[in-house]
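Mind the numbering: the sequence shown is residues 8 to 492 in the numbering used here, read in order.
Don't read these hints as lab results, they were simulated from the structure. Careful, some of the hints might be misleading.
List of simulated lysine-lysine pairs, BS3-like, C-alpha gap at most 30 Å [what the hints assert, rightly or not]:
| id | residue 1 | residue 2 |
| --- | --- | --- |
| 1 | Lys182 | Lys320 |
| 2 | Lys84 | Lys253 |
| 3 | Lys253 | Lys320 |
| 4 | Lys320 | Lys482 |
| 5 | Lys378 | Lys365 |
| 6 | Lys280 | Lys84 |
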Amino acid sequence: GMPARHGRFHFTVQDAERGHFGEISSVGSDNVDVFMTETLAPVQPRAEILQRIQTAQTERWDLGEKLWQLDLIPWAKKGSLGILSSSDDENDTPLDEDNNGDDNHDAKASGDNSETGEALLLLRGHHALSDGASMAAALMDLSDEADQLRDRIQLEVEKRLGSASWPWWKRWFQKLLFVLWLVTGSWPAAWYHFQLYLSHLWIRLRHGGNPWQRLEQEASNRNDSTKPGLERSLSFATVATVDQAKWVAQTLAGRRATLNDVFCAAVSQALAKQLQWHRERLQATQTIPGNHLTPQRLAHLSRVHVAIPVHLKGGVILPGESVGNSIGAFLVALPGERPDLTPTQRLQSSHQELYRAKRRPTAFLSHYIAKLATQTLPTSWVSYMFARVNNGASCVVTNVRGPDHPIHLQGDKVEAAFGFVPLAPGIPIGVGVASFNGKIQLTLTAQPWAVPDADLFLSWVVEEYLDLVRVAAAKEASDGTITSV
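Using the sequences plus the hints, can you model the full thing?
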């Protein structure tokens, strides 16, 4: 079961020894009261939910007590929390389609709207517990469809990595190929990141810092956070179907293009629009005494550096494994403030950069280097190093793949799952792209001085995506093909 497979949920971090996990002696596997609290439904639905998420992201806690916290809103009228529409489709088929006509499987998620409710789980987990992909996979183990999901993962692992019944020499040969890939790919990876460093250094020398650093300095000089009490700018939305996003990617950028390429391109356009928004604001306020930052001193970025986290095991917990941290990352330069590019050209350029970056072993190398640093260097050195290795990255875009069928918790259908990105040192914006039950769900976490209006930023991402949908539809129409998405 879940407690036996993921015992790390009952561990804490001990300060006595670096990297040591100690079990909470007072908490048994059947007692979650220490970790869970029940709260009432909010009076102001979306605003209060975002406020609770902000608190969860910024409030300090004692890792010697617990590594995760669950806040539960046990019941609210459907649609009243500001997350789901009261008319959301109720008729999805569960993963276990052979239910012998038992219509009670999702009875609590259907019926007359006046009697239908929804519950909300707010899960806060520290990175010392696991990475986000592992956390999502662990939560799937709680679902009614857990056995079927694990069987699917096993089949996918055997398809990609080969069967465990392979002879020893074939398994060792695969490992040898992996080592050779690490060795031969390390030089191209290092050269690419050196180029990113030179680009970042040039902007610093010519303009006194990249635009995001200048905006942070300006906010510090104003001695405010744009809005009183606001520590994070947050937003979330369900924006598309997985099939539609894949269709857009492959129609406009080729069969190797992915939905992550599509949304990375859309995010890069939103970053460009956000910088232009700041320039217009500075233009309107440059006559105010004490405002030393002018639009002219905010560098134009023809390419924006974006950090891409990568789960080294494909976003799944392999059979027999528990949660942990198997995350690496790479940086990539995507089109930035380029008004000369069409949406298709921006997507194609983003796809090419991302495809080349994925073929390098950068994510594995970054994971091994980070692991070595955290185990051997003082904590202050590690924090300093991590804050300066991003080469001027302005944004993190992370993709988490969820189940492509509905899942249920004790018979109740899970309608949506949103994961918010914790901001890395020195990077002010984080975008989460998650697929769940055939739908794409976006989240935004940002510093308010970088993104004062989170909903506006996310709307720019959606606008660029819809432009790509229209272009893809026009291309298919001109080619004489019809695709249902």
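Evaluation of the provided hints:
no. : hint               : in the structure
1   : Lys182 with Lys320 : 15 Å, holds
2   : Lys84 with Lys253  : 34 Å, violated
3   : Lys253 with Lys320 : 22 Å, holds
4   : Lys320 with Lys482 : 36 Å, violated
5   : Lys378 with Lys365 : 21 Å, holds
6   : Lys280 with Lys84  : 37 Å, violated
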